[in-house]
Amino acid sequence: MALTPAQRHLQRHAAMAQGKKQEADPALTEWERMRHRLNQDKRHLKGIQSTERKAELKRQLLPGYAGWIEGVLAADTGRPDDVFVTCMIWCIDAGLIEAALPMAEYVLRHHLPLPDEYQRTPAALIVEEICNPALLVIKLDDKAHPLPAAMLLRVEAMTQDEDMPDQVRAKLCKLLGLTLRHDEPQHWPQALDYLLRAMSLNDGAGVKRDIEELRRKIARSPVAPPDTTQEPPAEE
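For the sequence shown, our numbering begins at 382 and goes up steadily by one.
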């Protein structure tokens, strides 16, 4: 379902122009064609029950929107765009996190709303939908590295000033901690800080054993900086 170079070029320039248009535009614009394509693809996805199969279909559908995505990012107008925002969500759902991050930064920078069917803020959705699958992978394989630390730090940077439930932010802190604990020893104290932060945000984050193990690991390491963190206070 990939576009030809000519189709991609047309989409890109139409998306750039769309951000500068007034409301009273001629009918059957490229924007309307993209909305029509999106509605058709949504109906197709709605007929699939399997989350795994939906993710695979989204991977197949997304190249058909490549020119539009490029045009929106290039124009950088911040105009509300359900097509673009939905494509960002589909990228995350399909595991295409690297492709999703520039789109996520755009959505957050311009305060774009999510389509009506999503009941969360953009920041909460971005963090939770990136973290949940990665945390599940680690739960199944404690030594797994589903996402690189640099990518997760980028997510943290773009969402640090955004409001979201503490339990959601705790997932990102937990994932960062569990990822950095497998990094070079000099990063282990940072990993511990993230795990402690996750527990402070959500006592049920499931990181207490990881904190204990990482403290012992730091204490045994001749390379890691000393652990200067304090034990969390006991709950009354």
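Simulated from the structure, these hints should not be mistaken for lab results. Just so we're clear, the structure is a prediction, and the values are computed from it rather than from any experiment. Heads up, the beta-carbon is just placed ideally off N, CA and C, and yes, glycines get one too. One or more of the hints may lead you astray.
List of simulated lysine-lysine pairs, PhoX-like, C-alpha gap at most 20 Å [claimed, not checked]:
#	residue 1	residue 2
1	Lys423	Lys435
2	Lys524	Lys589
3	Lys423	Lys520
4	Lys524	Lys598
Taking CB as the label site, the calculated pair distances span [stated by the list, open to error]:
#	residue 1	residue 2	range
5	Pro494	Ile429	38 to 48 Å
6	His425	Pro566	33 to 43 Å
7	Lys423	Arg501	48 to 58 Å
8	Glu413	Asp584	26 to 36 Å
9	Gly587	Ala538	41 to 51 Å
10	Ile429	Tyr499	25 to 35 Å
11	Pro566	Pro461	41 to 51 Å
12	Arg414	Gln541	16 to 26 Å
13	Glu594	Glu413	37 to 47 Å
14	Gly587	Met532	34 to 44 Å
15	Glu433	Glu479	41 to 51 Å
We went through each hint and held it up to the structure:
This hinted pair checks out: Lys423 and Lys435 have alpha carbons roughly 10 Å apart, not beyond 20 Å. The straight-line distance between the Cα atoms of Lys524 and Lys589 is roughly 17 Å, inside the 20 Å bound, and the hint therefore holds. Restraint check: the Cα-Cα separation between Lys423 and Lys520 comes to about 31 Å, which exceeds 20 Å; the hinted pair is violated. Taking the CA atoms of Lys524 and Lys598, the gap is about 15 Å. The hint holds against a cut of 20 Å.
A hinted range of 38 to 48 Å is violated for the C-beta pair Pro494 and Ile429, which are about 26 Å apart. Roughly 49 Å separates the CB atoms of His425 and Pro566, a value that falls outside the hinted 33 to 43 Å. Here the CB-CB span from Lys423 to Arg501 is close to 18 Å, at odds with the stated 48 to 58 Å. The hint said 26 to 36 Å for the Cβ distance between Glu413 and Asp584, and at roughly 50 Å that hint is violated.
Evaluation of the 41 to 51 Å hint for Gly587 and Ala538 yields a failure: the beta carbon distance comes to about 25 Å. Remark: the range hint 25 to 35 Å for Ile429 to Tyr499 is contradicted by a beta-carbon distance near 18 Å. Between Pro566 and Pro461, the C-beta spacing of about 47 Å keeps the proposed range 41 to 51 Å intact. Taking the beta carbon of each, Arg414 and Gln541 are about 38 Å apart, not inside 16 to 26 Å as hinted.
For Glu594 paired with Glu413, a C-beta distance near 56 Å fails the hint of 37 to 47 Å. At about 22 Å, the CB distance of Gly587 to Met532 disagrees with the hint of 34 to 44 Å. Between Glu433 and Glu479 the CB atoms are about 20 Å apart, so this pair departs from the stated range of 41 to 51 Å.
The structure does not agree with the numbered hints 3, 5, 6, 7, 8, 9, 10, 12, 13, 14 and 15 stated previously, though it agrees with the rest.
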